[in-house]
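S.K.: Chain by chain, the residues:
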Amino acid sequence: MIDTDVECAPGQLVESTGGDADNTHYDVLVVGSGIGGMESSIKLADMGYKVLLVEKEASVGGRMILLSKVFPTLDCASCISGPKMSSTINHPNITTMTLSEVAGIERDGDGFIATVDQKPKFVDWAACTGCDVCQKVCTVAVPDQFNADLAARRAAYIAFPQAVPKKAVLERAGTSPCIGACPAGIKAHGYVSLVRAGKDEEAFQLVLDATPLVGTLGRACYAPCEADCTRAKLEGPIPIRLLKRYAADQHYATVGSPDGPVVRVSPPNGKKIAVVGSGPAGLTAAWQLARRGYAVTILEKRDKPGGYLRYAIPSYRLPNEVVDADIANLTSLGVEIVCNTAVDDPAGLTGQGYDAVIVATGTQKATLMDVPGEDADGSMVGLDLLAQVAGGNAPDFTGRRVVVVGGGNVAMDVARVSRRLGAAEVKVAYRRTKDEMPAHQVEAADAAAEGVAFEFLVAPAGVVAQDGHVVGLRVQTMQLGEPDASGRRSPQPVPGAQHVIDADLVISAVGLAVDPAPFAGLADNRGRISVDPKTLQTSIPHLFAAGDVTVGATDITQAVGSGRRAAHMVHRWLKGQSLDGFTALDDRLETISSDAVLARQKAFGHRLPIRGEVTLASQPSDFTEVEAPLTPQDAKAGAGSCLDCGVCSECQECFNNCPAWAIRMDQKGETKKFSVGAVVVATGHKLFAADLKPEYGFGQFPNVITGMQMDRLLAPTRPFNAVLRPGDAKMPERIAYVSCTGSRDKTVGNPLCSKFCCMYSLKQNQLIMGALPLADVTMHYIDIRAAGKRYEEFYTQGKDMGAQYIKGRVAEITQQDNGDLTLRYEDIDNGGAIAESSYDLVVLAVGIRPNRDVEKLFKDVTLSQDEYFYVAEPSAELSPGATTIPGVFVAGTAAGAKDIVDTILHAGAAVAQVAAHLHHHFTQEVTA
Amino acid sequence: MSKLREPREVIREEPLMHAPILAAVADGPLTVPQIAECVNAPTQEVVYWVMGMRRYGLLVESKEADDDGYFSYCAPGWQAPQEEGDES
Numbered sequence: 001m002i003d004t005d006v007e008c009a010p011g012q013l014v015e016s017t018g019g020d021a022d023n024t025h026y027d028v029l030v031v032g033s034g035i036g037g038m039e040s041s042i043k044l045a046d047m048g049y050k051v052l053l054v055e056k057e058a059s060v061g062g063r064m065i066l067l068s069k070v071f072p073t074l075d076c077a078s079c080i081s082g083p084k085m086s087s088t089i090n091h092p093n094i095t096t097m098t099l100s101e102v103a104g105i106e107r108d109g110d111g112f113i114a115t116v117d118q119k120p121k122f123v124d125w126a127a128c129t130g131c132d133v134c135q136k137v138c139t140v141a142v143p144d145q146f147n148a149d150l151a152a153r154r155a156a157y158i159a160f161p162q163a164v165p166k167k168a169v170l171e172r173a174g175t176s177p178c179i180g181a182c183p184a185g186i187k188a189h190g191y192v193s194l195v196r197a198g199k200d201e202e203a204f205q206l207v208l209d210a211t212p213l214v215g216t217l218g219r220a221c222y223a224p225c226e227a228d229c230t231r232a233k234l235e236g237p238i239p240i241r242l243l244k245r246y247a248a249d250q251h252y253a254t255v256g257s258p259d260g261p262v263v264r265v266s267p268p269n270g271k272k273i274a275v276v277g278s279g280p281a282g283l284t285a286a287w288q289l290a291r292r293g294y295a296v297t298i299l300e301k302r303d304k305p306g307g308y309l310r311y312a313i314p315s316y317r318l319p320n321e322v323v324d325a326d327i328a329n330l331t332s333l334g335v336e337i338v339c340n341t342a343v344d345d346p347a348g349l350t351g352q353g354y355d356a357v358i359v360a361t362g363t364q365k366a367t368l369m370d371v372p373g374e375d376a377d378g379s380m381v382g383l384d385l386l387a388q389v390a391g392g393n394a395p396d397f398t399g400r401r402v403v404v405v406g407g408g409n410v411a412m413d414v415a416r417v418s419r420r421l422g423a424a425e426v427k428v429a430y431r432r433t434k435d436e437m438p439a440h441q442v443e444a445a446d447a448a449a450e451g452v453a454f455e456f457l458v459a460p461a462g463v464v465a466q467d468g469h470v471v472g473l474r475v476q477t478m479q480l481g482e483p484d485a486s487g488r489r490s491p492q493p494v495p496g497a498q499h500v501i502d503a504d505l506v507i508s509a510v511g512l513a514v515d516p517a518p519f520a521g522l523a524d525n526r527g528r529i530s531v532d533p534k535t536l537q538t539s540i541p542h543l544f545a546a547g548d549v550t551v552g553a554t555d556i557t558q559a560v561g562s563g564r565r566a567a568h569m570v571h572r573w574l575k576g577q578s579l580d581g582f583t584a585l586d587d588r589l590e591t592i593s594s595d596a597v598l599a600r601q602k603a604f605g606h607r608l609p610i611r612g613e614v615t616l617a618s619q620p621s622d623f624t625e626v627e628a629p630l631t632p633q634d635a636k637a638g639a640g641s642c643l644d645c646g647v648c649s650e651c652q653e654c655f656n657n658c659p660a661w662a663i664r665m666d667q668k669g670e671t672k673k674f675s676v677g678a679v680v681v682a683t684g685h686k687l688f689a690a691d692l693k694p695e696y697g698f699g700q701f702p703n704v705i706t707g708m709q710m711d712r713l714l715a716p717t718r719p720f721n722a723v724l725r726p727g728d729a730k731m732p733e734r735i736a737y738v739s740c741t742g743s744r745d746k747t748v749g750n751p752l753c754s755k756f757c758c759m760y761s762l763k764q765n766q767l768i769m770g771a772l773p774l775a776d777v778t779m780h781y782i783d784i785r786a787a788g789k790r791y792e793e794f795y796t797q798g799k800d801m802g803a804q805y806i807k808g809r810v811a812e813i814t815q816q817d818n819g820d821l822t823l824r825y826e827d828i829d830n831g832g833a834i835a836e837s838s839y840d841l842v843v844l845a846v847g848i849r850p851n852r853d854v855e856k857l858f859k860d861v862t863l864s865q866d867e868y869f870y871v872a873e874p875s876a877e878l879s880p881g882a883t884t885i886p887g888v889f890v891a892g893t894a895a896g897a898k899d900i901v902d903t904i905l906h907a908g909a910a911v912a913q914v915a916a917h918l919h920h921h922f923t924q925e926v927t928a
Numbered sequence: 001m002s003k004l005r006e007p008r009e010v011i012r013e014e015p016l017m018h019a020p021i022l023a024a025v026a027d028g029p030l031t032v033p034q035i036a037e038c039v040n041a042p043t044q045e046v047v048y049w050v051m052g053m054r055r056y057g058l059l060v061e062s063k064e065a066d067d068d069g070y071f072s073y074c075a076p077g078w079q080a081p082q083e084e085g086d087e088s
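Going down the list, the protein sequences come from chains B and Z. Note that the numbering used here gives residue 562 to position 562 of the first sequence, counting from 1, and the numbers run on in steps of one. Note that the numbering used here gives residue 20 to position 20 of the second sequence, counting from 1, and the numbers run on in steps of one.
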């Protein structure tokens, strides 16, 4: 037995303590927890060695636990494998790391240093009870690798019913591009998947988690999410913004005005916050703080809340009633909005009992053209016009000629509003070209469709007036020079080139600026309030700022994101915590690339893109909303196009429904290093990809399946309710097996026999005849290899039960109209005739391929492989399990084809080699 | 049978198909080919959706297959409406 009195050293035997006092040193690293890995681990652990077992899946057990029964005894695979899985996990000398991968192994003296990447599970396994609620509410379906892709599992999943440990995992490939692109941190993929699943209210609530402005963003957001949508690389992006509007419209139509809090709110915490300004940043900040139990008061200068949402964005794009409905979400939490209240000393609001203040006053000032004649009658500022219209004081422009100066979104709004006010002609004068216009492309296009004309490469030189009234705008012709700081080519005047655009009205929309008056001492050189960009805290600790007042004019989503950040930081500051941890934007998983998403499939079905229907009149006459909502059918179809880029959509259904509160979306992976004395490679094998034999129709005909798939259909935990064919869920009556699919076949580069395909086919033949007593089973074989104890008898037993065996290769499988299959084959026992037979279901007895992942295991030494890329055993006859690297051993099919019995035997041999190695290199050394 | 789409693409649509399939079986259990006809989709795709729904408790199967070898599927708890005057 083992000397347990020796000092602990890397790769040394340790006493079975049941604990894990020194969790960086192990005697043996076992890579892979299939039957070979488990057997090696248990035997070594029973001998007293301290074993680190690394498994890439979420459960130990490998492939054997997924089988129906084992041959030749027809014992239940789970009944044999289950106890071993349990022993593995619970053995005091085995530390198991599931959902982990060995990133590299390097030599370290006589031992090794192994680097292991432990992937995040996004579930607190100490809390998870394996209840499966998360699976049931998950809105993302993916192929279930544990059912050989015959059925779906969820992005939130427990590997399989007998999983050990039986714990849930969230599959997250990264942040979906739509979420990654959102400056507000709104989980676009999440609400898209919720709409797809028919959970419209949950979709609304998910957006509400970020901001109360669900309806607003559903209309007025410029949807950077859609620009990054992977589907845009196929037929076009999914209508993400309109899906948000759909969810909001459904909610407001169903729920109406809230008569209580629309979300769960923390109990009052006794703290008071003042938010100055009620634009998107201020409203969002107030929302987030109110949810955390703060008493929030919004102080608004104008007579109604909403800022530019109400006073700048025209109602044909964003109706006031939508803004009102969104703001009602906020007031439902008890947020007080005090209008007609200008604040000239925000920092001093603490004197009124506020514990912190957030300034979110936006960019209230319009930049002037700064040209002669700007004060003439008929020369006006675009923002003032928009506010007038929003306030119900729309002027009459009937028959007037209007020139709008500027190329941004405000200029487009002003131009389109002017058309609605009756202007006969509206021309946008812009100093660069169309390509450099800061206005969103769709805004410019819609303006043009509503009869707005554009004159590019002209800058205002003076407002021309007669008798104090505007008669035109003198413009300087420009040309494009070198790019400026914005990256756009800068406009340069063409000397002597000026002309006058005749006009009755000149409306300036050349820019927006911050009014620094209320915080003059805190303004930067551009008049914006100076803050730390991560914490949004000013130099006065209790004074924070959010939105455009900190960075200049941006857009609604950026303001929303900034409002969220400010609220988060204020909350932490008031709790005395460090100003960090804003996971909504600062700590997301890396965004998965569209290319990686598209690489998951060989082909994509075409889907008609769903787009918003916009009604544009060449002479619009009212402020009716121009964009129609999605119909329920279009909403479902649009959401149904989602490619689930990040796999998990972050819809939060698991988080919201987990009874154990075990979901941890912010869980991180870890990379750990371990010192080990020896390594056992038990990485198993890959199955032959049956579609590499196209003549057999796998992947083309649904009723052609693999042996592994049939084993799943026969297993007690089968994916279907019975042994059914995948093409139409019919119980098959005539089933054919095609042996040696991908084995003994030089045409696919594998001349080797896979050793167990004949036997598992014989096993399945018998099980099918038990499960489907009326079924006829026929096996097309080259020769039956049944070399093993009681194997030949097992073969005979199958024949006695009625299975048919036809010697000869199958040349081709074709499909009939009803999904049945025709096999064309050589019938050697009947004179070699070419024959055809019809079957309901065909099972391809696929063989195995080496798992070449082992090539990546070792960094500074080479683990030699044989000519077929299995791990080489230089002296397999005398030292089975020993590899070309001293201290590294191989167990099971990583070294070549073996059935379960031989794998266990081989693992035993490898264990003996490991024990001898450790004894020789470590125990003696330390004892000496 | 139509050309097969990739399993991932078909399976991705399962949540989208819950409502149409549940609507199809609202009046009584249907086989996969019958559901396929109702939702106008290939039978092999309906198998993915029905089995996914069955797995997570949205559908249950009949005890026995019919004479053609097909099981029927319905929402859990579905009961045939009682005939008028049937007090049993």
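Since the hints were derived computationally from the structure, they do not count as laboratory data. Hints may contain errors.
Claimed, not checked - As a list, the in silico DSS-like pairs of lysine-lysine whose alpha-carbon atoms are at most 30 Å apart:
{"hint": "1", "chain 1": "B", "residue 1": "K856", "chain 2": "B", "residue 2": "K746"}
{"hint": "2", "chain 1": "B", "residue 1": "K789", "chain 2": "B", "residue 2": "K56"}
{"hint": "3", "chain 1": "B", "residue 1": "K672", "chain 2": "B", "residue 2": "K859"}
{"hint": "4", "chain 1": "B", "residue 1": "K856", "chain 2": "B", "residue 2": "K56"}
{"hint": "5", "chain 1": "B", "residue 1": "K693", "chain 2": "Z", "residue 2": "K3"}
{"hint": "6", "chain 1": "B", "residue 1": "K686", "chain 2": "B", "residue 2": "K746"}
{"hint": "7", "chain 1": "B", "residue 1": "K789", "chain 2": "B", "residue 2": "K43"}
{"hint": "8", "chain 1": "B", "residue 1": "K746", "chain 2": "B", "residue 2": "K119"}
{"hint": "9", "chain 1": "B", "residue 1": "K365", "chain 2": "B", "residue 2": "K233"}
{"hint": "10", "chain 1": "B", "residue 1": "K304", "chain 2": "B", "residue 2": "K233"}
{"hint": "11", "chain 1": "Z", "residue 1": "K3", "chain 2": "B", "residue 2": "K233"}
{"hint": "12", "chain 1": "Z", "residue 1": "K63", "chain 2": "B", "residue 2": "K602"}
{"hint": "13", "chain 1": "B", "residue 1": "K602", "chain 2": "Z", "residue 2": "K3"}
{"hint": "14", "chain 1": "Z", "residue 1": "K3", "chain 2": "B", "residue 2": "K686"}
{"hint": "15", "chain 1": "B", "residue 1": "K271", "chain 2": "B", "residue 2": "K534"}
Stated by the list, open to error - Part of the chain Z face toward chain B, derived, beta carbon under 10 Å:
{"hint": "16", "residue": "R5"}
{"hint": "17", "residue": "E6"}
{"hint": "18", "residue": "E9"}
{"hint": "19", "residue": "D27"}
{"hint": "20", "residue": "G28"}
{"hint": "21", "residue": "V39"}
{"hint": "22", "residue": "V50"}
{"hint": "23", "residue": "M53"}
{"hint": "24", "residue": "L58"}
Claimed, not checked - Quick list of simulated restraints, FRET-style, between CB atoms:
{"hint": "25", "chain 1": "B", "residue 1": "G422", "chain 2": "Z", "residue 2": "C38", "range": "46 to 56 Å"}
{"hint": "26", "chain 1": "Z", "residue 1": "C38", "chain 2": "B", "residue 2": "D384", "range": "29 to 39 Å"}
{"hint": "27", "chain 1": "B", "residue 1": "N818", "chain 2": "Z", "residue 2": "C38", "range": "11 to 21 Å"}
{"hint": "28", "chain 1": "B", "residue 1": "G256", "chain 2": "Z", "residue 2": "C38", "range": "28 to 38 Å"}
{"hint": "29", "chain 1": "Z", "residue 1": "A23", "chain 2": "B", "residue 2": "A127", "range": "34 to 44 Å"}
{"hint": "30", "chain 1": "B", "residue 1": "P533", "chain 2": "Z", "residue 2": "P76", "range": "37 to 47 Å"}
{"hint": "31", "chain 1": "Z", "residue 1": "C38", "chain 2": "B", "residue 2": "D666", "range": "16 to 26 Å"}
{"hint": "32", "chain 1": "B", "residue 1": "G669", "chain 2": "Z", "residue 2": "A23", "range": "19 to 29 Å"}
{"hint": "33", "chain 1": "B", "residue 1": "P483", "chain 2": "Z", "residue 2": "A23", "range": "28 to 38 Å"}
{"hint": "34", "chain 1": "B", "residue 1": "A771", "chain 2": "Z", "residue 2": "C38", "range": "48 to 58 Å"}
{"hint": "35", "chain 1": "B", "residue 1": "D46", "chain 2": "Z", "residue 2": "C38", "range": "27 to 37 Å"}
Positions of the beta carbon are idealized from the N, C-alpha and C atoms, including for glycine.
S.K.: Sort out which numbered hints this structure fails and list those numbers smallest first.
M.R.: 2, 8, 9, 10, 12, 19, 20, 21, 26, 30, 31, 32, 33, 34, 35
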